[in-house]
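Student: What follows is the residue order along each chain.
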Amino acid sequence: MGFKNVVLLLSVQQLFFNDLTEENVSASKNDFFNLLSDVYIPLFESFRRLERQKIPYKISLVIPPVMCFLLENVKCRDDYIKWLDAKVSLGEKELLRAEKIFQPIIFEILAKYKKTKELFLGYSCDLLKIFREYQNRGNVEIIATSSTEVFFPHYFDLKKVLEAQTKLGLNLYKRFFSKEIEGFYLPDMGYCDEVAAVLEKNSVNYTFLDSRSILLSENFVENGIFSPIRFANSLVAFAASDIFHDEIFGNKGFCQNHVYLDKNSDIGFELERNELEPFLQPDTARYELGYKYWNKSFPRQPYDKAAAKAQCKKDAYSFLASKIAKLNECEKFLESQNKLPEIISLVIHLDVNKFLDRFLEGVDFIEELFISSSKFSDFSFECPKNLIKKRWKLQKIHPVNAAATGFGYGENLISTQNNWMRPLIRKASERMIDIAGRFVQESGFKVRLLDVAAKELLLAQSSLLQKMIYEGNSPDFAAQYFVECIDNFTRAYDALGSNQVDTLWLANLESALEAFSGLDFRLFL
Amino acid sequence: MVVLNDSRLELAKKSNGELLDLSAYGEVSSDVVFNRNALVSSILETLGKTSFSLLYDVNIINSTSIDVVFRDLNWIFVSWSISASVTRSLREISSHKLFLRINLFSSEDKKKPFDFIDFSVNIDDTSRYILLPHNAQFFRVDLIFYINGIFDILVLSDIFKSHSYSDILEKSISENKSVSTIYELSEFLPLVDNLLKNHNEMFS
Numbered sequence: 001m002g003f004k005n006v007v008l009l010l011s012v013q014q015l016f017f018n019d020l021t022e023e024n025v026s027a028s029k030n031d032f033f034n035l036l037s038d039v040y041i042p043l044f045e046s047f048r049r050l051e052r053q054k055i056p057y058k059i060s061l062v063i064p065p066v067m068c069f070l071l072e073n074v075k076c077r078d079d080y081i082k083w084l085d086a087k088v089s090l091g092e093k094e095l096l097r098a099e100k101i102f103q104p105i106i107f108e109i110l111a112k113y114k115k116t117k118e119l120f121l122g123y124s125c126d127l128l129k130i131f132r133e134y135q136n137r138g139n140v141e142i143i144a145t146s147s148t149e150v151f152f153p154h155y156f157d158l159k160k161v162l163e164a165q166t167k168l169g170l171n172l173y174k175r176f177f178s179k180e181i182e183g184f185y186l187p188d189m190g191y192c193d194e195v196a197a198v199l200e201k202n203s204v205n206y207t208f209l210d211s212r213s214i215l216l217s218e219n220f221v222e223n224g225i226f227s228p229i230r231f232a233n234s235l236v237a238f239a240a241s242d243i244f245h246d247e248i249f250g251n252k253g254f255c256q257n258h259v260y261l262d263k264n265s266d267i268g269f270e271l272e273r274n275e276l277e278p279f280l281q282p283d284t285a286r287y288e289l290g291y292k293y294w295n296k297s298f299p300r301q302p303y304d305k306a307a308a309k310a311q312c313k314k315d316a317y318s319f320l321a322s323k324i325a326k327l328n329e330c331e332k333f334l335e336s337q338n339k340l341p342e343i344i345s346l347v348i349h350l351d352v353n354k355f356l357d358r359f360l361e362g363v364d365f366i367e368e369l370f371i372s373s374s375k376f377s378d379f380s381f382e383c384p385k386n387l388i389k390k391r392w393k394l395q396k397i398h399p400v401n402a403a404a405t406g407f408g409y410g411e412n413l414i415s416t417q418n419n420w421m422r423p424l425i426r427k428a429s430e431r432m433i434d435i436a437g438r439f440v441q442e443s444g445f446k447v448r449l450l451d452v453a454a455k456e457l458l459l460a461q462s463s464l465l466q467k468m469i470y471e472g473n474s475p476d477f478a479a480q481y482f483v484e485c486i487d488n489f490t491r492a493y494d495a496l497g498s499n500q501v502d503t504l505w506l507a508n509l510e511s512a513l514e515a516f517s518g519l520d521f522r523l524f525l
Numbered sequence: 001m002v003v004l005n006d007s008r009l010e011l012a013k014k015s016n017g018e019l020l021d022l023s024a025y026g027e028v029s030s031d032v033v034f035n036r037n038a039l040v041s042s043i044l045e046t047l048g049k050t051s052f053s054l055l056y057d058v059n060i061i062n063s064t065s066i067d068v069v070f071r072d073l074n075w076i077f078v079s080w081s082i083s084a085s086v087t088r089s090l091r092e093i094s095s096h097k098l099f100l101r102i103n104l105f106s107s108e109d110k111k112k113p114f115d116f117i118d119f120s121v122n123i124d125d126t127s128r129y130i131l132l133p134h135n136a137q138f139f140r141v142d143l144i145f146y147i148n149g150i151f152d153i154l155v156l157s158d159i160f161k162s163h164s165y166s167d168i169l170e171k172s173i174s175e176n177k178s179v180s181t182i183y184e185l186s187e188f189l190p191l192v193d194n195l196l197k198n199h200n201e202m203f204s
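One line per chain: the protein sequences are R and D, in this order. Just so we're aligned, residue 1 is where the first sequence starts under my numbering, counting upward by one. Just so we're aligned, residue 1 is where the second sequence starts under my numbering, counting upward by one.
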């Protein structure tokens with residue numbers, strides 16, 4: 001750890017599936033496999049290359065619980081291998097169909113999928129084990145998060161919901177990573193006053209807040225976003241500025257450079273349906289099939305990987321240089337004021353989903369950030385837990401409510417498109433707290449009903465559903481999924497009152513989603 | 001509960017070329033940054049179709065309750081439900097009136113509001129966005145009915161503390177922050193600009 005530090009934080013939205021054993025590759029499962037093929041496996045390869053070149057790297061990863069379940073699930077692993085095989089078959093078909101000009105890029109993509117399969121098998125299909133290995137080496141810090149992507153400020157007056165989501169998230173984290181908890185990521189950095197006590201009660205040492213929460217507090221924050229702050233209790237918060245995020249992913253961000261790959265040029269979106277059989281399920285919405293040949297220029301040009309790589313190098317350098325310049329200026333200024341703290345730091349927060357959506361060269365960008373770092377002296381990438389060892393010396397602040405979504409307050413999560421969900425999820429949350437207390441001494445099928453009710457509620461609380469509806473990203477699916485969860489919850493709630501239950505329905509629900517199996521409703525006590 | 005409309009799904013099955021043809025036909029301007037979801041949404045909007053229509057059954061709640069959530073610093077979203085039996089009774093009296101009352105308190109423990117504002121609502125309404133007044137330090141929302149000269153509270157919320165833009169503008173954007181090098185390096189001014197923009201748009 002040096003004096004000047006950058007914390008590189010990668011978060012990913014929570015994923016969910018109704019049924020892991022589903023035979024057809026649904027669009028959401030396809031997204032998950034793309035995440036493995038285009039982000040996490042390349043990231044591990046990037047770590048290996050950095051190690052070979054003896055380039056130091058440290059990174060913090062938020063790995064949501066549902067993703068851990070999927071990575072652990074044997075059926076899901078088998079499906080991923082089949083999915084990779086299908087990509088290879090599609091590539092071979094594409095070699096016959098596509099114009100000659102695209103042959104080199106098809107060969108590259110084909111080679112990527114073959115290599116990914118080889119690596120995956122080489123990892124014994126166990127990516128969680130690889131995450132743990134990097135964590136044990138100290139290069140990666142895994143950050144825990146809530147059990148589903150709940151927006152904490154929406155439950156500010158239902159402390160038991162905040163506690164249940166936090167406690168379950170942390171329990172799952174311990175189960176998958178067998179480590180003591182250090183950091184906790186609040187989905188969308190949604191902060192409200194009630195959060196600090198809940199996190200501290202659960203022995204969390206630090207979290208991340210949107211820079212608004214800190215800079216717009218009544219306090220004068222002596223080091224701005226260049227030092228973590230401390231709450232009234234021992235909890236620490238790092239400030240993350242969404243302005244840095246926009247510099248990369250915004251509409252004028254680095255990712256929009258015309259040399260980068262255009263996601264929308266995927267053959268899954270471009271070709272006639274009959275040309276895509278049997279790789280695109282009939283009568284479904286189109287989704288990416290992994291073969292993209294065009295860059296983002298207008299009029300568009302065939303993608304040139306070497307040109308994109310060169311641009312990525314330049315962009316990563318330029319981005320990092322601007323952040324280090326900030327750290328240097330900060331150091332100079334604080335020194336001139338005789339207020340230099342022991343360390344200064346800056347958080348760069350990247351949303352991994354944006355890599356898939358806007359910046360397919362994202363992992364190259366990260367690797368280039370680490371490579372570029374060797375060109376700057378007196379600075380290092382660091383994991384947050386190493387920066388809070390003297391937390392009692394940090395300035396005490398009372399942060400204000402804010403979030404890293406919407407216009408800074410989560411407005412998109414309670415918009416005219418999705419506000420109809422609010423009364424339903426609110427009522428279900430209140431009912432869950434009520435029945436958890438009333439039926440705490442019960443046993444037998446009532447406990448099974450309570451556990452199912454808790455599971456359905458946690459899934460319905462995912463703000464990802466509100467986001468999907470707001471953004472027009474499969475809103476019908478999100479609405480239907482939400483309503484099914486609420487219906488299932490209500491049916492379990494009614495069955496508790498009437499003492500009548502359809503055991504087949506209950507058994508189906510219990511086995512439907514392996515994630516959260518073994519969940520105990522007493523979380524809501 | 002939710003009636004799904006297959007228009008979006010039908011569009012999502014189409015290729016980029018087909019979508020662009022449709023958007024040109026419907027005079028939908030495509031984004032500079034091409035985005036399939038955005039294009040599908042704009043086509044649906046032009047066609048006057050939403051992806052699904054909401055018909056959720058309030059009977060699922062079947063109790064009289066009120067919920068308040070902050071949409072941002074100034075706006076709250078209030079949703080409520082009225083039990084089936086109370087709804088029936090109210091409907092039987094055609095002269096009934098319903099309204100939401102925002103009671104303003106100077107502190108959380110005060111019993112009596114120093115002021116209140118009423119918003120008329122219909123019996124079939126279930127929610128409303130409300131802009132909090134500047135002086136709403138603490139507030140409570142009541143759902144009230146009026147029948148033949150009698151006012152009564154159907155349900156009331158807890159008392160909440162507001163965190164308004166004005167509060168932040170007054171207390172958190174001090175001159176020493178605005179001229180501070182550290183705040184400048186922390187990108188404070190763009191945050192303030194956004195805050196002012198949101199605040200001004202709200203009152204323009």
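Hints were generated in silico from the structure; no laboratory data involved. All values reported here derive from a predicted model rather than from experimental measurement. One or more hints might be untrue.
In silico DSS-like pairs for lysine-lysine, Cα to Cα no more than 30 Å straight-line [stated by the list, open to error]: (1) Lys197/D - Lys171/D; (2) Lys396/R - Lys385/R; (3) Lys14/D - Lys263/R; (4) Lys339/R - Lys14/D; (5) Lys75/R - Lys13/D; (6) Lys112/R - Lys111/D; (7) Lys305/R - Lys111/D; (8) Lys354/R - Lys13/D; (9) Lys54/R - Lys393/R; (10) Lys161/D - Lys396/R; (11) Lys393/R - Lys114/R; (12) Lys323/R - Lys313/R; (13) Lys167/R - Lys339/R; (14) Lys159/R - Lys252/R; (15) Lys354/R - Lys14/D; (16) Lys115/R - Lys129/R; (17) Lys14/D - Lys82/R; (18) Lys263/R - Lys13/D; (19) Lys159/R - Lys111/D; (20) Lys161/D - Lys160/R; (21) Lys117/R - Lys305/R; (22) Lys332/R - Lys263/R; (23) Lys161/D - Lys93/R; (24) Lys115/R - Lys159/R; (25) Lys14/D - Lys159/R; (26) Lys171/D - Lys332/R; (27) Lys14/D - Lys201/R; (28) Lys339/R - Lys179/R; (29) Lys115/R - Lys82/R; (30) Lys171/D - Lys100/R; (31) Lys252/R - Lys354/R.
Interface residues of chain R toward chain D, partial, derived using beta-carbon atoms under 8 Å [claimed, not checked]: (32) Cys125; (33) Lys129; (34) Pro153; (35) Glu218; (36) Asn264; (37) Leu271; (38) Asn274; (39) Lys396; (40) His398.
Glycine residues also receive a C-beta, built at the ideal position from the N, C-alpha and C atoms.
Student: Look at each hint and say if it fits the structure.
Tutor: The hints, checked one at a time:
1. The hinted pair formed by Lys197/D and Lys171/D meets the criterion: a straight-line CA distance of about 18 Å does not exceed 30 Å.
2. The hinted pair formed by Lys396/R and Lys385/R meets the criterion: a straight-line CA distance of about 18 Å does not exceed 30 Å.
3. For the hint pairing Lys14/D with Lys263/R, the CA-to-CA distance comes to about 16 Å; that is within 30 Å, so the pair holds.
4. This hinted pair does not check out: Lys339/R and Lys14/D have alpha carbons roughly 61 Å apart, beyond 30 Å.
5. For the hint pairing Lys75/R with Lys13/D, the CA-to-CA distance comes to about 28 Å; that is within 30 Å, so the pair holds.
6. Taking the CA atoms of Lys112/R and Lys111/D, the gap is near 68 Å; set against the 30 Å cutoff, the hint is violated.
7. Straight-line distance between C-alpha atoms of Lys305/R and Lys111/D comes to about 68 Å, which puts the hinted pair past the 30 Å bound.
8. For the given pair, Lys354/R sits about 23 Å from Lys13/D by alpha-carbon distance, which is consistent with the 30 Å threshold.
9. This hinted pair does not check out: Lys54/R and Lys393/R have alpha carbons roughly 34 Å apart, beyond 30 Å.
10. Proposed proximity of Lys161/D and Lys396/R is supported: the alpha carbons are some 22 Å apart, at most 30 Å.
11. Of the supplied pair hints, the one linking Lys393/R and Lys114/R is violated, its CA atoms being roughly 52 Å apart against a limit of 30 Å.
12. Restraint check for Lys323/R and Lys313/R: the C-alpha separation of about 16 Å stays at or below 30 Å, so the hint holds.
13. Only pairs whose Cα atoms come within 30 Å are accepted, and Lys167/R paired with Lys339/R is rejected, the gap being roughly 38 Å.
14. About 40 Å separates the Cα atoms of Lys159/R and Lys252/R, which puts this hinted pair outside 30 Å; it is violated.
15. With a CA separation close to 24 Å, the supplied pair Lys354/R and Lys14/D stays within the 30 Å bound.
16. Proposed proximity of Lys115/R and Lys129/R is supported: the alpha carbons are some 19 Å apart, at most 30 Å.
17. Distance restraint check for Lys14/D and Lys82/R: the Cα-Cα separation of roughly 26 Å lies within the 30 Å cut-off, and the hinted pair is therefore satisfied.
18. For a cut-off of 30 Å, the pair hint linking Lys263/R to Lys13/D stands: about 17 Å separates their Cα positions.
19. Between Lys159/R and Lys111/D the alpha-carbon distance is near 24 Å, which keeps this suggested pair within the 30 Å criterion.
20. With a C-alpha separation of about 20 Å, the suggested pairing of Lys161/D with Lys160/R holds against the 30 Å cut-off.
21. At most 30 Å may separate the alpha-carbon atoms for a hinted pair to count; Lys117/R and Lys305/R meet this at roughly 21 Å.
22. Of the supplied pair hints, the one linking Lys332/R and Lys263/R is violated, its CA atoms being roughly 42 Å apart against a limit of 30 Å.
23. With a C-alpha separation of about 62 Å, the suggested pair Lys161/D and Lys93/R falls outside the 30 Å cut-off, and the hint is violated.
24. For the given pair, Lys115/R sits about 47 Å from Lys159/R by alpha-carbon distance, which is inconsistent with the 30 Å threshold.
25. Restraint check for Lys14/D and Lys159/R: the C-alpha separation of about 45 Å exceeds 30 Å, so the hint is violated.
26. Restraint check for Lys171/D and Lys332/R: satisfied, since their Cα atoms lie roughly 28 Å apart, inside the 30 Å limit.
27. Restraint check: the Cα-Cα separation between Lys14/D and Lys201/R comes to about 51 Å, which exceeds 30 Å; the hinted pair is violated.
28. At roughly 36 Å between alpha-carbon atoms, Lys339/R and Lys179/R are farther apart than 30 Å, so this suggested pair is violated.
29. The suggested pairing of Lys115/R with Lys82/R holds, with an alpha-carbon distance near 14 Å, which does not exceed 30 Å.
30. Straight-line distance between C-alpha atoms of Lys171/D and Lys100/R comes to about 65 Å, which puts the hinted pair past the 30 Å bound.
31. Note on Lys252/R and Lys354/R: the hinted pairing holds, with a Cα-Cα distance of about 14 Å set against a maximum of 30 Å.
32. With a cut of 8 Å, the hint placing Cys125/R at the interface with chain D is violated, because the nearest CB-to-CB distance is about 32 Å.
33. Nearest Cβ of chain D to the Cβ of Lys129/R: about 35 Å, over the 8 Å cut. The hint is violated.
34. Satisfaction of the interface hint for Pro153/R is found here, the shortest Cβ-Cβ separation to chain D being roughly 7 Å, below the 8 Å cut-off.
35. The restraint placing Glu218/R at the interface with chain D holds, with a minimum CB-CB distance near 5 Å, inside the 8 Å limit.
36. Interface restraint check: Asn264/R against chain D, minimum CB-CB distance 5 Å, threshold 8 Å, status holds.
37. At its closest, the beta carbon of Leu271/R sits 7 Å from a beta carbon of chain D; the interface hint therefore holds under the 8 Å criterion.
38. Given hint, Asn274/R at the interface with chain D, is violated; its Cβ is 12 Å from that chain's nearest Cβ, farther than 8 Å.
39. A least Cβ separation of about 16 Å between Lys396/R and chain D goes past the 8 Å threshold, and the interface hint is therefore violated.
40. For His398/R, the interface hint is violated, the least distance from its beta-carbon to any beta-carbon of chain D being 11 Å, above 8 Å.
When each numbered hint is compared with the structure, violations occur for hints 4, 6, 7, 9, 11, 13, 14, 22, 23, 24, 25, 27, 28, 30, 32, 33, 38, 39 and 40.
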